[in-house]
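Student: Chain order of the listed sequences is A and B. Read in UniProt numbering, the first sequence has 107 at position 107, and its numbers run on one by one without any break. Read in UniProt numbering, the second sequence has 61 at position 61, and its numbers run on one by one without any break.
Read the hints as simulated data drawn from the structure, not as lab findings. There are no misleading hints in this set.
Pulled a few chain B residues facing chain A out of the computed Cβ check, cut under 10 Å:
#1 Pro34
#2 Ser36
#3 Phe44
#4 Ile73
#5 Asp77
The structure displayed is predicted, hence computed values, not measured ones. Glycine is no exception: its CB is placed at the ideal position from the N, C-alpha and C atoms.
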Amino acid sequence: MGVVSILAIMLLLLVAFAVVRHHLHPQEVVTVWFACAAVLATAFDACTPRNSNYFKLSDEPHLFLVERILEVVMIPVLLLLYLNLMLWIQSRTGKVAATVGCYALLLGLEALGAASQAFCYVQYQRWWSLILWAVVMLMATAIQKGIRGLLRREGVTI
Amino acid sequence: MIFLPERFDLNEWTVIAFFLLTLIIALRLPPRFPLSIIVTMAVFSAATARIFDHALAGPVVKDLYDIMDLNKIEWFDLLTYLMFAPPGYLFLYAYEKWQPKGLQIVAFLLATALLATGIEWLLHLGRVFTHKTWKLEYSFLVYLFVQPLTLRLFVYLKRYQWKED
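Kindly generate the complete structure, drawing on both the sequences and the hints.
Tutor: Structural data, given as structure tokens:
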């Protein structure tokens, strides 16, 4: 059930990303996606028993694949949808609602990953996720703003 | 937790020397494309190496190779991924300078994949990579897959910028 839900959410996220009106420049998309995937992959690796004993990944190949899909596809795409939304929404209330929504979805994806047994917590304190996802959202925003600043300086109109 | 190296020896020096050498060559070349494209492609090159390595470390295929001293993530492992960014830039620079067309692109990709495999062999001699069940010819295949992808993305981003301008 958990695996099917995760794959269904991944497909929905990808379709959503394909059909929404893009306010992000392709360079912002590539940079945010790849930087986030690489940072998350490193952070996950650093938390597994090889480095520390915060959580353990499943030995089942299909569950292992689910965990990799979460870090490399789903979380980066969700962050890109959030950044796209932030560029589209004008009101402050709307921006706050989008931020809270994205934060809740990130926490939800993590919970779904754990529920599907793609990974299980060992010494990981659940409240760390509250900080982790806030940092990830800030990082994605900073990368997007940095690339946008560079593009503007080069005279690219976005 | 990310570890420090057990000993600061040949592999650490190899990584530093390779990174600095390729970075200095890249910085000394006259600039050919905008900084934003350089940053995007550098992130893409370093992240692709990280994601590939991460994807291969799993329950299906075990113990293919080790990076640096430990079978754990250490700070110098991260430098080995960053180390792919300047060669990635040099690869695109060579493409931009020679502008191969048609079958020349195939020859260009074959030559750069062979060169990259040769460099990886040197890094293996420098004990940056310790191959276990991994073989150098697999790396050649990976380069033949990743390099056209890098080129396609680069050409797309460049054309997009021109179209926008």
